[in-house]
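Engineer: Protein chains in written order, with our numbering: chain Y, 1 to 512; chain V, 1 to 358.
The set of hints was computed from the structure by calculation and includes no laboratory data. Hints should not be assumed to be uniformly reliable.
To be verified - Calculated pairs, SDA-like style, for lysine to any residue (alpha carbon to alpha carbon, straight line, at most 20 Å):
hint, chain 1, residue 1, chain 2, residue 2
1, V, 286, V, 298
2, Y, 301, Y, 279
3, Y, 511, V, 239
4, Y, 502, V, 248
5, Y, 448, Y, 397
6, Y, 502, V, 250
7, V, 224, V, 298
8, Y, 511, V, 36
9, Y, 448, Y, 343
10, Y, 288, Y, 236
11, V, 224, V, 238
12, Y, 502, V, 251
13, V, 286, V, 275
14, Y, 502, V, 236
15, Y, 511, V, 275
16, Y, 502, V, 252
17, V, 67, V, 94
18, Y, 511, V, 37
19, Y, 511, V, 236
20, Y, 502, V, 239
21, Y, 502, V, 256
Remember, it's a predicted structure, so these values are computed and weren't measured experimentally.
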Amino acid sequence: MFGRRSPAARGVRAALTLGVLGLAWFALAFTAAAQDPSGSPAASSSTEATPSPKATPAPSDFDWLFATPLPTATVPLASAPPVPAPLTHAPADGANGCYDCHSVVNDKQAAIAADWQDSAHGQAGVTCADCHGGDPRSDQITVAMDPSNGFVGAPDRLGSVGLCGSCHADVNRMKASGLPTDQYAKYWSSVHGQQLLTADDNRVAICTDCHGSHTVKKVSDPSSPVFILNVPELCAGCHADADRMAPYGIPTDQYAIYSKSVHGVALLDNKDVRAPSCASCHGSHDAKPPTSATVVGVCGKCHTATEDLYQQSRHSELQAAAPQCWTCHGTHDVTQPGSYMFFHPTPPEYTCDTCHDLQTHTLRLELSRFTNEADRRCDTCHHPDSQIYAQIDGISNAITSAEDAYTQAQDTIQRAAGLGMITSDAEVKLTDAKTSLIQAQAAVHTTKLSKIAELSTDATTKAQAAEAIATGKIDESVFRREAMVVVLAFIAFNALFLYVLKRRLDRDLEKG
Amino acid sequence: MAAGGTTDRAVGSGSWIEQRTGVGPVMAALLHVRIPMSARTMYFGGIALFLFGIQVVTGTLLALYYKPTPEAAYESVQFVTSDVSFGWLIRSMHHWAANLMILFVALHLLRVFFQAAYKYPRELTWVIGGGLLLVTLGFGFTGYLLPWDQRAYWATVVGTDIAGSVPVVGDSLLQLLRGGADVTGDTMSRFFGIHVLVLPLALAGLMAIHLVLVHQLGLANPKKPEPRVRPAAVDREPLRPFFPNYLLDEVVAWYVILAILVVLASVFPAGLEGQANPLETPAHIKPEWYYLAVYQLLKIIPRTIAVMAPIIGIGLLIAWPFLDRNPEVLARRRKLAVAGATLVVVGVIVLTVWGYVS
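Chain Y extracted, bound-state conformation:
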């Protein structure tokens, strides 16, 4: 169409080549940007992977207690926002103009400044500008608190979580202090975090509600609100407030119930830091109630041996109809277990649907029957005419007879000690019996009569051996007292003889 290699032809060819190359380059560039995950500024400085939605927990049999719908398999967790970048400010070289002004400006600010200085942040050199931005080199409000110098003031509640996470989720930043860095990710998986994310609920707890803001202390500091002994009261600050919990339909008596339980008495009264607080079972940053899929593992974190025993039982095989820890022991109201838990004083009412689903004809566990502590008994499910009831009866008899033997031995040893006999050898034997008794009582979780009977018999034998030693000592004491009478009689006879002799000599002396 055009002449041989005419200037026009060369021009068109060059334009077409450039166009194709340009399209190719554009295609490559476009494809590369789509694969690059560094779409946000923070991601480039953070080595933390964006948290993926956690596996949703199975529906809990106690979920009906909570009006707030928990994430389920059909409602996945909302994704956590990425970790924001920490605030930056001009290097202060040790200067802290914020503190210099705020410590003297008025009483309220002075108190805040003093709180910060005593806090873990203050001790670690985390200054005001690290959280609030601004220029710490100046104590002039127009400079230090100028937004153009990075001052952000107090962030909102959602922003506050990100602010804390910007440092505390940074592995490199936390390396020196050895603090964990999973709190930020865990928080967004919690009921609190999900409510904040999905419902924009500013009433739920954020970092500063539990840890404080200017008064942050180490978890190991007994004056910290998150020190283990203080945790129940901290949680109760919101969860025992009826007005605050009303929109969620959550009960507010958990703290009151917990404080009377064995766990609560151990932690709050006896100051035993091994006892569980709210966070031990519900989690702290990832706070949410245990579900039926997780409760055995939660209790088993401390009660490891008991969990092993439970896994050997027929109960653990029953899946949906399985009685679990909370079925018999309760949740917040865990009491001291004992042989009283086997039977009601009189058997309860039974109907077919007590144990069976009438539609599917499968076993079922009606949890509402166990709400009251008085109903957490084996015969709530097991009918007196059933074979299993006979087995429970055997277990109950074995445990009770071992306990009776132990109590009897203990009483005999106390009687011997009251008579002044040394009973340390009997007490050592009794300690052996106690160990076997505890093993027998724990073995109830296996629901295996043969195993429980064997351990109970062992405990009874040892208790009887201890009692025999104590009885021997009582017999020895009786013998000593009887022998004492004989010796006293001998002494009295001698003394009387000498006294009579003395009287005669005195009379002779008077006459003489």
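Given the structure of chain Y, go ahead and fit chain V onto it with the hints provided.
Structural biologist: This is chain V only, laid out in the frame that chain Y set:
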């Protein structure tokens, strides 16, 4: 004399023993002690001597089995109590005789004080008696640690701490008592050595002097002071033979004490708490009853004063015959001394009971 005549019959000039030992005149002299008819000793001193004899016998038997190391002491005491024939009896007798000995030494001291039997010429007898009191208290303190149970260990910690509160010499005294900074096996070693060697020798020596002085000076007349010069020719004070009359009274009193000891040992045998654990402080540590008054005093008045008060008090007590210028012996003629002593006794009893119940 009846006493000499009786003695002559027992070891008469022609007897087998007299011919081979010549002990007759010695016995005659020993058994001649001047005892006024009005003397009322209540036999407290003799009972204290009897109890010391019990302690020597039972203590020797216990020492055959006792092992004075922290590792073995507790078990050896347990062994004696549980496995040795009549070991429980020997140990319980030793325990109760110790308590009774301190009680009767104190009663003897009070009897002598209230009857003014410390006055001329018995001042030195009184001073030696004060030394005997201190040695007896030392026996109680050192012996208490030896079972090495919780009570023994911690009572010794508290007791030596109190000794460490003495001004000026307190630290050195504490180190000396403990054999170091803490109560350890070193403490047990020296307490054992003091208890079975030093103190018995000291007590025997002081007792010998005390008895010689009593023998030489005779017993005091509680109704009138001893004359500075006793012209033998006009001495018409009626006397009581030491042998056999007074000695018989003493032996009857000893039998009564023996009966009390047997009852106490059988009905309230000596116990044993858990083995000493320096890492476990018992809830309420209290010393034995004879130190409870000082223990309670420490709780109510400043420490230094509470520690110095008993020391100064005992010093005054020992020096009392030289401070008391009143020659009278009847109580109604020495009202100040009697009233003061009564007040001190009541105070000590009140502090002791208070310390027991607190």
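Engineer: Now look at each hint and say whether the structure bears it out.
Structural biologist: Hints and how they fare:
1. 286/V x 298/V: Cα-Cα ~12 Å, so holds.
2. 301/Y x 279/Y: holds (13 Å)
3. 511/Y x 239/V: It holds: about 14 Å lies between the C-alpha atoms, which stays within 20 Å.
4. 502/Y x 248/V: Holds - the C-alpha atoms of residue 248/V and residue 502/Y are around 6 Å apart, at most 20 Å.
5. 448/Y x 397/Y: Cα-Cα ~14 Å, so holds.
6. 502/Y x 250/V: holds (10 Å)
7. 224/V x 298/V: violated (41 Å)
8. 511/Y x 36/V: Holds, because 17 Å separates the two Cα atoms, which is no more than 20 Å.
9. 448/Y x 343/Y: Holds, because 17 Å separates the two Cα atoms, which is no more than 20 Å.
10. 288/Y x 236/Y: holds (15 Å)
11. 224/V x 238/V: Distance ~13 Å between residue 224/V and residue 238/V Cα, so the pair holds.
12. 502/Y x 251/V: holds (10 Å)
13. 286/V x 275/V: With a Cα-Cα distance of about 17 Å, the restraint between residue 286/V and residue 275/V holds, given a limit of 20 Å.
14. 502/Y x 236/V: Violated, at roughly 24 Å.
15. 511/Y x 275/V: violated (63 Å)
16. 502/Y x 252/V: Cα-Cα ~9 Å, so holds.
17. 67/V x 94/V: holds (17 Å)
18. 511/Y x 37/V: holds (14 Å)
19. 511/Y x 236/V: With a Cα-Cα distance of about 17 Å, the restraint between residue 511/Y and residue 236/V holds, given a limit of 20 Å.
20. 502/Y x 239/V: holds (16 Å)
21. 502/Y x 256/V: With a Cα-Cα distance of about 15 Å, the restraint between residue 502/Y and residue 256/V holds, given a limit of 20 Å.
In summary, the structure is inconsistent with hints 7, 14 and 15 from the numbered list given earlier, while agreeing with the others.
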